[in-house]
Amino acid sequence: MQLSKREFSMNAPVTLARGEAPTTAATIKVRAEKVNVHYGDKQALQDVSVAIPERGVMAFIGPSGCGKTTFLRCINRMNDVIPIAKVTGRILIDGQDIYDRKLDVVELRARVGMVFQKPNPFPKSIFENVAYGPRIHGLAKSKTELEGIVASSLRRAGLFEEVKDRLHDPGTGLSGGQQQRLCIARAIAVEPEIILMDEPCSALDPIATARIEELIDELKADYTIVIVTHNMQQAARVSQRTAFFHLGSLVEEAPTEVIFNNPKDQRTQDYITGRFG
Amino acid sequence: MTATDFEAPRGPRPRAARRTGARYRREALFKVVGLLATLVGLVALAALLFDLAVHGLPRLSWDFFFNFPSRFAARAGILSAWVGSLLVILVTATVAVPLGVAAAIYLEEYARRNFFTNIIEINVSNLAGVPSIIYGLLALGLFVYTFGTGRSIFTAGLTLALLILPIVIVATREAIRAVPQALREGALALGATKWQVTRDHVLPAALPGVLTGVIIGVSRALGETAPLITIGALTFIAFLPTPPISTEPPFISFQWLWDSFTVLPIQAFNWVSRPGVDFHANAAAAGLVLLVLTLGLNAGAIYLRYRLRKKLQW
Chain Z
65 MQLSKREFSM
75 NAPVTLARGE
85 APTTAATIKV
95 RAEKVNVHYG
105 DKQALQDVSV
115 AIPERGVMAF
125 IGPSGCGKTT
135 FLRCINRMND
145 VIPIAKVTGR
155 ILIDGQDIYD
165 RKLDVVELRA
175 RVGMVFQKPN
185 PFPKSIFENV
195 AYGPRIHGLA
205 KSKTELEGIV
215 ASSLRRAGLF
225 EEVKDRLHDP
235 GTGLSGGQQQ
245 RLCIARAIAV
255 EPEIILMDEP
265 CSALDPIATA
275 RIEELIDELK
285 ADYTIVIVTH
295 NMQQAARVSQ
305 RTAFFHLGSL
315 VEEAPTEVIF
325 NNPKDQRTQD
335 YITGRFG
Chain L
5 MTATDFEAPR
15 GPRPRAARRT
25 GARYRREALF
35 KVVGLLATLV
45 GLVALAALLF
55 DLAVHGLPRL
65 SWDFFFNFPS
75 RFAARAGILS
85 AWVGSLLVIL
95 VTATVAVPLG
105 VAAAIYLEEY
115 ARRNFFTNII
125 EINVSNLAGV
135 PSIIYGLLAL
145 GLFVYTFGTG
155 RSIFTAGLTL
165 ALLILPIVIV
175 ATREAIRAVP
185 QALREGALAL
195 GATKWQVTRD
205 HVLPAALPGV
215 LTGVIIGVSR
225 ALGETAPLIT
235 IGALTFIAFL
245 PTPPISTEPP
255 FISFQWLWDS
265 FTVLPIQAFN
275 WVSRPGVDFH
285 ANAAAAGLVL
295 LVLTLGLNAG
305 AIYLRYRLRK
315 KLQW
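Sequence lines, in order, name chains Z and L.
Counting in my numbering, the first sequence runs from 65 upward without gaps.
Counting in my numbering, the second sequence runs from 5 upward without gaps.
Everything labelled a hint here was simulated from the structure, so no lab data went into it.
All values derive from a computational prediction rather than experimental measurement.
Positions of the beta carbon are idealized from the N, C-alpha and C atoms, including for glycine.
Zero decoy hints are in this set.
Restricting the straight-line Cα-Cα distance to at most 16 Å, the calculated cross-link-like pairs of lysine to aspartate or glutamate (EDC-like) are:
| hint | chain 1 | residue 1 | chain 2 | residue 2 |
| --- | --- | --- | --- | --- |
| 1 | L | K198 | Z | D168 |
| 2 | Z | K182 | Z | D269 |
| 3 | Z | K228 | Z | E211 |
| 4 | L | K198 | Z | D144 |
| 5 | L | K314 | Z | D233 |
| 6 | Z | K150 | Z | D111 |
From the structure, some residues in chain Z lie toward chain L, with a derived Cβ separation under 7 Å:
| hint | residue |
| --- | --- |
| 7 | V170 |
| 8 | R173 |
| 9 | A174 |
| 10 | M178 |
| 11 | N184 |
| 12 | G197 |
| 13 | I200 |
| 14 | V254 |
Could you put together the complete structure from these sequences and hints?
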């Protein structure tokens, strides 16, 4: 099942301006209830409950090993790949439990795209990288339509102008920042509703990072974006809401301005002021 | 080379540097030992090649390739042997490659890690070390007597397929394991099924390694003698198998699968065991052909791997 852009626009538009707290009218896209994750005997996440509003950017911050990436990977059930991972609790997307036995994981991942920490383009051409998703989901009926999807996805990812003359060159030949934008284009091409980003800039230089952040800012008008980041300035720059994780628990979740200026919890205060982490 | 080649710095020496003279000497010694160890293998191979070439080269001619074996050494050729080798290998590869690759994919991508898969894993690796005569005995009992496939090309192909199956499986698994997990996750995150990930990303990335394994397996099979003698390959055969293509409908025939056969190493073995220097020259020539064929296959494997790897990069 694919939601088209038209169906999106029928929902009440909730555009979150920077720093503005979401109104109660903001639709909740993802709701997690008491999510626990165990890797074998080791508990990685403990009773995480959070509501992620539709269209906007939520940042997950916290020291290494605090569970933020683990939680991110629950939202598209990427933890299924790890045999010893066991997820309990509920995660609802548009009210539907994604850990329901009847749920089709393939369909879920088409709705929830992901961008990884290290750019991982396929060892194929730029065109094939973007065309792969639409192709496996049968989104294009003709070659022309597929080419249209590829071009518009690359354009949305801000990469088209740089690569339009070499679409058939290998995607792995691009620079790190370009590769990461290619991965974003690849995710967008499937028309997801949610995009998960796992430290998407940690392998990039400051200029490439700025490009990605600009892109996130543009994309938040249409997509629900969840970004894991180690960089607190980045969280402050791109997100409207921020969640602070520590030792496998969600310590505090609030509008980004509140987290950075007036956190309730002492641990959050210590972390953002650089006392640990 | 003496220790004076490595001049020690003057002045008071730190404690850690006091015995550097002896350490350098040992390093120099190891270089020599290592070089010798490498040369022993190379020299032996070169001597073998030289010997084969000296005895065999004069016998190589078109006639040698297109004559059947004969009572007269000068008229004898390897036609039935190389055709037999080719057909047996064809059957072997047709059976072993799909089976081996499928088994490797299953073990690496699908099977859960548990007691049974561990047992299978250990046994597959062990099978690669089982003496080939054992496979011959197994094939004789199973294929020839139980299934009644006869002393045919088909039986020989199946036997060698069993023999190289572990090689293909192990090589394919290694190749699959070398594919970065990030590639799989990238495709899975787009909503690809496990099979799509395997077919579209893992297998293409693993292809160079798989091909190498297949070719190493095939060149191993090409040189095997013992299991084929066990199942009853003929040592003297003066006819060719039924042609696979005929002028009458249905035009394609698989009758050749059931024909009796010989292969290059058996032909060489047969000639070596005869009295008379002339036949020994024939054996050397047949050996030379076999060696060139095997080395050629290996060279092909290296070239293919190089070409495919150049296209793949991450």
